[in-house]
Amino acid sequence: DTAVSQTPKYLVTQMGNDKSIKCEQNLGHDTMYWYKQDSKKFLKIMFSYNNKELIINETVPNRFSPKSPDKAHLNLHINSLELGDSAVYFCASSPSGGANTEAFFGQGTRLTVV
Amino acid sequence: RKEVEQDPGPFNVPEGATVAFNCTYSNSASQSFFWYRQDCRKEPKLLMSVYSSGNEDGRFTAQLNRASQYISLLIRDSKLSDSATYLCVVNQAGRRALTFGSGTRLQVQP
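Going down the list, the protein sequences come from chains A and B. Heads up: the first sequence begins at 3 in the numbering used here, then just goes up one per residue. Heads up: the second sequence begins at 165 in the numbering used here, then just goes up one per residue.
Hint data in this document are derived by calculation from the structure and do not stem from the laboratory. A hint or two may mislead.
Claimed, not checked - Once the Cα atoms are required to be at most 16 Å apart in a straight line, the calculated EDC-like pairs of lysine to aspartate or glutamate come out as: (1) A:11 to B:169; (2) A:43 to B:221; (3) B:209 to A:104; (4) A:46 to B:169; (5) A:43 to B:241; (6) A:43 to B:169; (7) A:46 to B:167; (8) A:42 to B:169; (9) A:42 to B:171; (10) A:38 to B:207; (11) B:166 to A:60; (12) A:11 to A:26; (13) A:46 to B:179; (14) A:21 to A:87; (15) A:42 to B:203.
As the list claims (entries may be wrong) - Over 10 Å on every C-beta distance to chain A, these chain B residues come out as not near it, computed from the model: (16) 198; (17) 202; (18) 207; (19) 261; (20) 271; (21) 272; (22) 273.
Stated by the list, open to error - Short, incomplete list of chain A residues facing chain B, as computed with Cβ under 10 Å: (23) 6; (24) 35; (25) 44; (26) 47; (27) 52; (28) 54; (29) 60; (30) 88; (31) 92; (32) 94; (33) 103; (34) 106; (35) 107; (36) 108; (37) 110; (38) 114.
Bear in mind the structure is a predicted one, so any value in this text is a computation, not a measurement. Built from N, CA and C at the ideal position, the CB exists for glycine as well.
Put together the whole structure using the sequences plus the hints.
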């Protein structure tokens with residue numbers, strides 16, 4: 003059983019389109035995240051949710067809208083895709099989001115905007 | 165200045181070598197420290213947490229110097245399978261997200 007699963011694994015789309023990435027975790031964790039890894043491999047937090055509530059929104063354009071229907075799911079919807087959105091998007095989860103806890107990552111979604 | 169800084173490498177070392185990676189962090193409120201490993205085109209995975217007294221896990225030793233805001237990872241007797249990118253990670257108290265360095269790439273050669 004995959005602990006943190008995200009779909010799709012690959013996404014190629016044209017500029018201006020709207021797309022969604024889904025994420026689910028079966029670890030019973032309270033906190034979920036979206037991270038973006040750019041072409042320079044730098045991993046940066048985008049959003050953090052705790053028990054379906056938004057905790058962190060790191061100056062992400064409002065074209066990005068996370069949605070957490072329950073604490074096991076955190077989806078990411080992106081409107082009006084731009085070339086600069088091309089990156090690998092990782093979903094992650096951790097128990098209660100405490101400072102000492104390990105984060106478990108999904109396999110990543112490689113988004114290419116053409 | 166980045167919150168977490170690492171030498172990007174790559175470090176090219178022969179099998180059996182000992183290699184050390186360094187990392188500095190800028191926020192003195194940082195409370196927790198980790199090393200993650202990321203293989204090519206894969207997700208990051210926890211390698212080890214870093215404790216104030218230093219800790220060891222097999223061939224891997226992590227050290228923390230809070231006064232200098234400096235973290236290190238030592239890998240002894242390098243294996244080909246150690247080839248990966250090593251990410252220095254910190255977390256601030258009360259902040260529910262990890263802050264990653266840009267990673268140091270290690271290539272172990274036969």
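Here's how the hints hold up against the structure:
Restraint check for residue 11 of chain A and residue 169 of chain B: not satisfied, since their Cα atoms lie roughly 29 Å apart, outside the 16 Å limit. About 26 Å separates the Cα atoms of residue 43 of chain A and residue 221 of chain B, which puts this hinted pair outside 16 Å; it is violated. The suggested pairing of residue 209 of chain B with residue 104 of chain A holds, with an alpha-carbon distance near 9 Å, which does not exceed 16 Å. Distance restraint check for residue 46 of chain A and residue 169 of chain B: the Cα-Cα separation of roughly 13 Å lies within the 16 Å cut-off, and the hinted pair is therefore satisfied.
With a CA separation close to 27 Å, the supplied pair residue 43 of chain A and residue 241 of chain B exceeds the 16 Å bound. This hinted pair checks out: residue 43 of chain A and residue 169 of chain B have alpha carbons roughly 13 Å apart, not beyond 16 Å. Of the supplied pair hints, the one linking residue 46 of chain A and residue 167 of chain B holds, its CA atoms being roughly 11 Å apart against a limit of 16 Å. For the hint linking residue 42 of chain A to residue 169 of chain B, the alpha-carbon distance of about 14 Å falls within 16 Å, and the restraint holds.
Pair hint residue 42 of chain A plus residue 171 of chain B holds up; C-alpha atoms about 13 Å apart against a cutoff of 16 Å. Between residue 38 of chain A and residue 207 of chain B, the direct Cα distance comes to roughly 12 Å. Compliance with the 16 Å bound is thereby established for this hinted pair. Straight-line distance between C-alpha atoms of residue 166 of chain B and residue 60 of chain A comes to about 15 Å, which keeps the hinted pair within the 16 Å bound. About 13 Å separates the Cα atoms of residue 11 of chain A and residue 26 of chain A, which keeps this hinted pair within 16 Å; it holds.
For the suggested pair residue 46 of chain A and residue 179 of chain B, the alpha carbons sit about 32 Å apart, so the restraint of at most 16 Å is broken. For a cut-off of 16 Å, the pair hint linking residue 21 of chain A to residue 87 of chain A stands: about 11 Å separates their Cα positions. Straight-line distance between C-alpha atoms of residue 42 of chain A and residue 203 of chain B comes to about 15 Å, which keeps the hinted pair within the 16 Å bound. Distance to chain A contradicts residue 198 of chain B as a non-interface residue, since its nearest Cβ pair spans about 7 Å, not more than 10 Å.
Distance to chain A contradicts residue 202 of chain B as a non-interface residue, since its nearest Cβ pair spans about 8 Å, not more than 10 Å. Some Cβ of chain A comes within 10 Å of the Cβ of residue 207 of chain B; the nearest lies about 4 Å off, and the non-interface call is violated. In this structure residue 261 of chain B is not separated from chain A by more than 10 Å, as the shortest Cβ-Cβ distance comes to only about 4 Å. Consistency note on residue 271 of chain B: stated as away from chain A, and its beta-carbon is indeed over 10 Å from all of that chain's, at 15 Å minimum.
At the 10 Å boundary, the C-beta of residue 272 of chain B stays outside the reach of chain A, the nearest C-beta of that chain being 19 Å off. Every Cβ of chain A is farther than 10 Å from the Cβ of residue 273 of chain B; the closest lies at roughly 21 Å, confirming the non-interface assignment. A distance limit of 10 Å between C-beta atoms decides the matter here; for residue 6 of chain A the minimum to chain B is near 8 Å, and the interface restraint holds. Using the Cβ-Cβ criterion of 10 Å, the hint placing residue 35 of chain A at the interface with chain B is satisfied: the shortest such distance is roughly 6 Å.
The beta carbon of residue 44 of chain A comes within 5 Å of a beta carbon in chain B, closer than 10 Å, and the hint placing it at the interface holds. Using the Cβ-Cβ criterion of 10 Å, the hint placing residue 47 of chain A at the interface with chain B is satisfied: the shortest such distance is roughly 4 Å. Annotation: residue 52 of chain A was flagged as interfacial toward chain B, and the flag holds, the nearest CB pair being 6 Å apart, inside 10 Å. At a threshold of 10 Å, the smallest CB-CB gap from residue 54 of chain A to chain B is about 14 Å, leaving the interface hint violated.
A distance limit of 10 Å between C-beta atoms decides the matter here; for residue 60 of chain A the minimum to chain B is near 8 Å, and the interface restraint holds. About 15 Å separates the beta-carbon of residue 88 of chain A from the nearest beta-carbon of chain B, more than 10 Å, and the hint is not met. The interface hint given for residue 92 of chain A is met, as the beta carbon of that residue sits about 6 Å from the closest beta carbon of chain B, less than 10 Å. The beta carbon of residue 94 of chain A is positioned within 10 Å of a beta carbon in chain B (closest approach about 8 Å), and the interface hint is therefore held.
A distance limit of 10 Å between C-beta atoms decides the matter here; for residue 103 of chain A the minimum to chain B is near 8 Å, and the interface restraint holds. A distance limit of 10 Å between C-beta atoms decides the matter here; for residue 106 of chain A the minimum to chain B is near 8 Å, and the interface restraint holds. The beta carbon of residue 107 of chain A is positioned within 10 Å of a beta carbon in chain B (closest approach about 4 Å), and the interface hint is therefore held. Evaluation of the residue 108 of chain A hint against chain B yields a held restraint, the C-beta minimum of about 6 Å falling below 10 Å.
Restraint check, residue 110 of chain A versus chain B: the minimum CB separation of about 6 Å is within 10 Å; hint holds. Because the smallest distance between the Cβ of residue 114 of chain A and any Cβ of chain B comes to about 14 Å, over 10 Å, the interface hint for this residue is violated.
In terms of the numbered hints stated before, the structure departs from hints 1, 2, 5, 13, 16, 17, 18, 19, 28, 30, 38, listed from lowest to highest.
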